[in-house]
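From just these sequences and the hints, can you work out the full model?
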Amino acid sequence: MNRKVCLVLFVAAACGKKGGSASAPSITKADADAANAAVPADLKAKVVFDVQTIEDKLGRHTTKYTVVAPKSWKKGFMPGELEPNDTDNLGFNTSMVVGFDCDGDCVAKDWAKASDKVYFSQYTSGKETGKVVKDVKGKNDRLLVFANEPTVEQNAGSASVTVNGQTTTTTVTATSGTKGVTIIHAWWHDGDSRYYTCRATLNEGAAALADAFEKACAKVSVAED
0 MNRKVCLVLF VAAACGKKGG SASAPSITKA DADAANAAVP ADLKAKVVFD
50 VQTIEDKLGR HTTKYTVVAP KSWKKGFMPG ELEPNDTDNL GFNTSMVVGF
100 DCDGDCVAKD WAKASDKVYF SQYTSGKETG KVVKDVKGKN DRLLVFANEP
150 TVEQNAGSAS VTVNGQTTTT TVTATSGTKG VTIIHAWWHD GDSRYYTCRA
200 TLNEGAAALA DAFEKACAKV SVAED
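At position 101 of the sequence shown the residue is numbered 100 (numbering that gives the first Met the number 0), and the sequence of numbers has no breaks.
These aren't lab readings, by the way, just hints derived from the structure by calculation. Among these hints, one or two may not hold up.
Calculated pairs, DSS-like style, for lysine-lysine (alpha carbon to alpha carbon, straight line, at most 27 Å) [as the list claims (entries may be wrong)]: (1) K133 - K178; (2) K138 - K116; (3) K112 - K130; (4) K138 - K108; (5) K178 - K73; (6) K116 - K130; (7) K70 - K45; (8) K43 - K74; (9) K74 - K63; (10) K63 - K138; (11) K178 - K43; (12) K28 - K45; (13) K138 - K112.
Distance windows between CB atoms, simulated [claimed, not checked]: (14) A37 - T128: 24 to 30 Å; (15) K138 - C105: 19 to 25 Å; (16) H60 - K136: 25 to 31 Å; (17) T61 - S124: 34 to 40 Å; (18) K112 - K43: 37 to 43 Å; (19) S124 - V47: 34 to 40 Å; (20) D224 - K43: 35 to 41 Å; (21) S124 - C101: 19 to 25 Å; (22) S124 - K56: 30 to 36 Å.
Glycine included, every Cβ here is placed at the ideal spot set by N, Cα and C.
Okay, here's the thing in C-alpha coordinates:
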(Lines of atoms letter the chains of each structure in order from A and count residues from 1; the text may use other names and numbers.)
(Lines give C-alpha, C1' and ligand atoms only; values in the text may rest on other atoms or scores of the structure.)
Protein backbone atom coordinates (compact mmCIF):
# COMPACT_ATOMS: atom_id res chain seq x y z
CA MET A 1 0.00 0.00 0.00
CA ASN A 2 1.32 3.38 -0.94
CA ARG A 3 0.48 6.36 1.15
CA LYS A 4 0.81 10.04 0.34
CA VAL A 5 0.35 12.89 2.74
CA CYS A 6 -0.06 16.37 1.33
CA LEU A 7 -0.37 19.71 3.11
CA VAL A 8 -1.56 22.79 1.29
CA LEU A 9 -1.17 26.32 2.62
CA PHE A 10 -2.78 29.48 1.29
CA VAL A 11 -0.03 30.43 -1.17
CA ALA A 12 1.71 27.12 -1.84
CA ALA A 13 1.12 23.38 -1.86
CA ALA A 14 3.66 20.59 -1.62
CA CYS A 15 3.04 16.87 -1.90
CA GLY A 16 4.56 13.81 -3.44
CA LYS A 17 3.43 12.31 -6.70
CA LYS A 18 0.80 9.60 -6.50
CA GLY A 19 2.49 6.48 -5.22
CA GLY A 20 5.24 8.44 -3.45
CA SER A 21 5.38 9.79 0.08
CA ALA A 22 6.06 13.07 1.82
CA SER A 23 5.70 14.23 5.41
CA ALA A 24 3.55 17.16 6.46
CA PRO A 25 2.43 18.61 9.77
CA SER A 26 -1.11 17.89 10.91
CA ILE A 27 -4.00 20.30 10.86
CA THR A 28 -4.23 21.45 14.47
CA LYS A 29 -6.57 23.11 16.93
CA ALA A 30 -4.78 26.39 16.19
CA ASP A 31 -6.14 26.20 12.64
CA ALA A 32 -9.66 25.70 13.99
CA ASP A 33 -9.14 28.59 16.40
CA ALA A 34 -8.18 30.86 13.50
CA ALA A 35 -11.39 29.99 11.65
CA ASN A 36 -13.49 30.42 14.80
CA ALA A 37 -11.97 33.85 15.39
CA ALA A 38 -13.32 34.92 12.00
CA VAL A 39 -16.91 33.84 12.75
CA PRO A 40 -19.16 36.89 13.33
CA ALA A 41 -20.47 37.26 16.88
CA ASP A 42 -24.09 36.65 15.90
CA LEU A 43 -23.20 33.30 14.30
CA LYS A 44 -20.81 31.91 16.93
CA ALA A 45 -23.62 29.92 18.58
CA LYS A 46 -24.43 28.24 15.26
CA VAL A 47 -21.01 27.64 13.72
CA VAL A 48 -18.02 26.26 15.62
CA PHE A 49 -15.07 24.90 13.62
CA ASP A 50 -12.97 21.93 14.67
CA VAL A 51 -10.54 19.51 13.02
CA GLN A 52 -12.28 16.71 11.12
CA THR A 53 -11.37 13.88 8.76
CA ILE A 54 -13.57 13.40 5.72
CA GLU A 55 -13.23 10.17 3.74
CA ASP A 56 -13.94 9.82 0.04
CA LYS A 57 -13.99 6.18 -1.10
CA LEU A 58 -13.85 5.21 -4.77
CA GLY A 59 -13.57 1.46 -5.22
CA ARG A 60 -10.47 0.29 -3.37
CA HIS A 61 -9.11 3.80 -3.28
CA THR A 62 -9.69 5.97 -0.20
CA THR A 63 -8.78 9.63 0.10
CA LYS A 64 -8.81 11.13 3.58
CA TYR A 65 -9.02 14.89 4.00
CA THR A 66 -8.14 16.42 7.35
CA VAL A 67 -9.75 19.82 7.36
CA VAL A 68 -11.16 22.50 9.63
CA ALA A 69 -14.97 22.42 9.30
CA PRO A 70 -18.11 23.22 11.32
CA LYS A 71 -18.45 20.38 13.82
CA SER A 72 -22.26 20.33 13.81
CA TRP A 73 -22.62 20.00 10.04
CA LYS A 74 -23.85 16.73 8.58
CA LYS A 75 -22.67 14.65 5.66
CA GLY A 76 -24.02 15.94 2.38
CA PHE A 77 -25.23 14.16 -0.73
CA MET A 78 -21.95 14.43 -2.63
CA PRO A 79 -18.74 12.62 -1.58
CA GLY A 80 -16.62 14.85 0.65
CA GLU A 81 -19.51 17.25 1.28
CA LEU A 82 -20.72 18.75 4.56
CA GLU A 83 -23.86 20.85 4.95
CA PRO A 84 -25.58 22.65 7.84
CA ASN A 85 -28.65 21.33 9.61
CA ASP A 86 -31.95 22.73 8.37
CA THR A 87 -32.56 24.46 11.70
CA ASP A 88 -29.36 26.52 11.29
CA ASN A 89 -31.08 28.73 8.69
CA LEU A 90 -27.86 29.30 6.76
CA GLY A 91 -29.43 29.40 3.34
CA PHE A 92 -30.41 26.82 0.75
CA ASN A 93 -27.48 24.93 -0.79
CA THR A 94 -24.91 26.23 1.70
CA SER A 95 -22.17 23.60 1.88
CA MET A 96 -18.47 22.80 2.12
CA VAL A 97 -16.88 20.08 -0.01
CA VAL A 98 -13.39 18.67 -0.48
CA GLY A 99 -12.37 16.48 -3.38
CA PHE A 100 -10.08 15.89 -6.34
CA ASP A 101 -10.39 16.19 -10.08
CA CYS A 102 -8.49 14.78 -13.05
CA ASP A 103 -10.24 16.64 -15.89
CA GLY A 104 -10.46 13.39 -17.83
CA ASP A 105 -7.73 10.76 -17.53
CA CYS A 106 -5.81 10.84 -14.25
CA VAL A 107 -2.38 11.56 -15.68
CA ALA A 108 0.03 14.46 -15.17
CA LYS A 109 -1.29 17.68 -16.76
CA ASP A 110 -1.13 21.42 -16.54
CA TRP A 111 -3.30 21.64 -13.44
CA ALA A 112 -3.41 25.43 -13.39
CA LYS A 113 -5.02 25.30 -16.83
CA ALA A 114 -7.28 22.37 -16.00
CA SER A 115 -8.56 23.84 -12.74
CA ASP A 116 -9.22 27.17 -14.46
CA LYS A 117 -11.37 25.46 -17.07
CA VAL A 118 -13.31 23.34 -14.58
CA TYR A 119 -13.71 25.69 -11.60
CA PHE A 120 -12.57 29.27 -12.10
CA SER A 121 -13.26 30.53 -15.61
CA GLN A 122 -17.04 30.66 -15.16
CA TYR A 123 -16.52 33.28 -12.45
CA THR A 124 -13.68 35.29 -13.98
CA SER A 125 -15.26 35.41 -17.46
CA GLY A 126 -18.50 36.99 -16.28
CA LYS A 127 -20.58 33.89 -17.00
CA GLU A 128 -21.63 33.89 -13.36
CA THR A 129 -23.32 37.07 -12.15
CA GLY A 130 -21.42 38.81 -9.38
CA LYS A 131 -17.99 40.17 -8.50
CA VAL A 132 -14.53 38.64 -8.06
CA VAL A 133 -13.47 39.67 -4.55
CA LYS A 134 -10.17 37.83 -4.57
CA ASP A 135 -8.28 35.74 -7.13
CA VAL A 136 -4.86 34.72 -5.85
CA LYS A 137 -2.70 32.52 -8.08
CA GLY A 138 0.28 30.72 -6.57
CA LYS A 139 2.78 28.46 -8.30
CA ASN A 140 0.84 25.37 -7.27
CA ASP A 141 -2.51 26.66 -6.09
CA ARG A 142 -5.26 29.19 -6.67
CA LEU A 143 -7.84 30.78 -4.37
CA LEU A 144 -10.99 32.52 -5.59
CA VAL A 145 -13.55 34.42 -3.52
CA PHE A 146 -16.61 35.43 -5.51
CA ALA A 147 -19.61 37.49 -4.39
CA ASN A 148 -22.68 36.01 -6.10
CA GLU A 149 -25.63 38.09 -7.26
CA PRO A 150 -28.96 36.71 -8.49
CA THR A 151 -29.61 36.85 -12.22
CA VAL A 152 -32.65 38.94 -13.07
CA GLU A 153 -34.41 38.33 -16.38
CA GLN A 154 -36.55 41.38 -17.04
CA ASN A 155 -38.56 39.82 -19.85
CA ALA A 156 -39.20 36.24 -18.83
CA GLY A 157 -42.60 36.02 -20.50
CA SER A 158 -45.95 37.50 -19.71
CA ALA A 159 -48.95 36.96 -17.46
CA SER A 160 -52.56 37.91 -18.15
CA VAL A 161 -55.49 38.45 -15.83
CA THR A 162 -59.11 39.14 -16.76
CA VAL A 163 -61.33 41.21 -14.47
CA ASN A 164 -64.90 42.15 -15.47
CA GLY A 165 -64.15 41.27 -19.06
CA GLN A 166 -61.00 43.42 -19.18
CA THR A 167 -57.75 41.54 -19.81
CA THR A 168 -54.49 43.02 -18.57
CA THR A 169 -51.14 41.59 -19.64
CA THR A 170 -47.95 42.31 -17.75
CA THR A 171 -44.32 41.39 -18.35
CA VAL A 172 -42.90 38.86 -15.91
CA THR A 173 -39.55 39.44 -14.21
CA ALA A 174 -37.79 36.24 -13.11
CA THR A 175 -34.90 35.94 -10.69
CA SER A 176 -32.59 32.92 -10.60
CA GLY A 177 -29.70 32.14 -8.31
CA THR A 178 -29.07 33.39 -4.80
CA LYS A 179 -26.98 36.06 -3.19
CA GLY A 180 -23.95 34.85 -1.25
CA VAL A 181 -20.26 33.96 -1.51
CA THR A 182 -18.41 31.17 -3.31
CA ILE A 183 -14.91 30.18 -2.17
CA ILE A 184 -12.76 27.81 -4.24
CA HIS A 185 -9.24 26.71 -3.38
CA ALA A 186 -7.46 24.34 -5.79
CA TRP A 187 -3.95 22.96 -5.28
CA TRP A 188 -1.60 20.48 -6.94
CA HIS A 189 2.01 19.40 -7.35
CA ASP A 190 3.80 19.33 -10.69
CA GLY A 191 3.68 15.81 -12.09
CA ASP A 192 0.73 14.68 -9.98
CA SER A 193 -2.07 12.70 -11.61
CA ARG A 194 -4.82 14.88 -10.06
CA TYR A 195 -5.44 18.12 -8.23
CA TYR A 196 -7.46 18.82 -5.11
CA THR A 197 -10.14 21.32 -4.19
CA CYS A 198 -11.87 22.76 -1.16
CA ARG A 199 -15.04 24.69 -1.96
CA ALA A 200 -17.52 26.56 0.18
CA THR A 201 -20.89 27.72 -1.11
CA LEU A 202 -22.32 30.26 1.31
CA ASN A 203 -25.76 31.51 0.45
CA GLU A 204 -27.09 34.75 1.88
CA GLY A 205 -27.72 33.44 5.40
CA ALA A 206 -24.10 32.26 5.65
CA ALA A 207 -22.29 34.87 3.54
CA ALA A 208 -20.86 36.56 6.64
CA LEU A 209 -18.85 33.36 7.25
CA ALA A 210 -16.72 33.93 4.15
CA ASP A 211 -13.53 34.88 6.03
CA ALA A 212 -13.84 31.84 8.30
CA PHE A 213 -14.32 29.42 5.40
CA GLU A 214 -11.49 31.03 3.47
CA LYS A 215 -9.21 30.17 6.39
CA ALA A 216 -10.66 26.67 6.60
CA CYS A 217 -10.13 25.92 2.89
CA ALA A 218 -6.66 27.46 2.85
CA LYS A 219 -5.13 24.50 4.70
CA VAL A 220 -6.09 20.89 4.06
CA SER A 221 -4.15 17.69 4.70
CA VAL A 222 -4.71 14.86 2.20
CA ALA A 223 -3.81 11.19 2.68
CA GLU A 224 -4.37 8.53 0.02
CA ASP A 225 -4.38 4.74 0.27
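Hint by hint, here is what the structure shows:
1. K133 - K178: holds, 17 Å
2. K138 - K116: holds, 17 Å
3. K112 - K130: Holds: K112 and K130 sit about 21 Å apart, inside 27 Å.
4. K138 - K108: holds, 14 Å
5. K178 - K73: Given pair K178, K73 holds - Cα atoms ~23 Å apart, limit 27 Å.
6. K116 - K130: holds, 18 Å
7. K70 - K45: holds, 10 Å
8. K43 - K74: Between K43 and K74 the Cα gap is close to 21 Å, so the pair holds against 27 Å.
9. K74 - K63: Holds, at about 14 Å.
10. K63 - K138: Holds, at roughly 24 Å.
11. K178 - K43: holds, 21 Å
12. K28 - K45: Holds, because 19 Å separates the two Cα atoms, which is no more than 27 Å.
13. K138 - K112: The given pair, whose Cα atoms are some 12 Å apart, holds under the 27 Å limit.
14. A37 - T128: 24 to 30 Å: holds, 26 Å
15. K138 - C105: 19 to 25 Å: Given about 22 Å between the Cβ atoms, the range holds.
16. H60 - K136: 25 to 31 Å: About 29 Å separates the Cβ atoms of H60 and K136, which means 25 to 31 Å holds.
17. T61 - S124: 34 to 40 Å: holds, 35 Å
18. K112 - K43: 37 to 43 Å: Roughly 40 Å apart at Cβ, these two residues keep to the hinted range, so it holds.
19. S124 - V47: 34 to 40 Å: Roughly 37 Å apart at Cβ, these two residues keep to the hinted range, so it holds.
20. D224 - K43: 35 to 41 Å: For D224 and K43 the Cβ distance comes to about 36 Å; the hint holds.
21. S124 - C101: 19 to 25 Å: Roughly 23 Å apart at Cβ, these two residues keep to the hinted range, so it holds.
22. S124 - K56: 30 to 36 Å: Holds, since S124 and K56 (Cβ atoms, about 34 Å apart) stay within the stated range.
In summary, the structure agrees with every hint in the numbered list given earlier.
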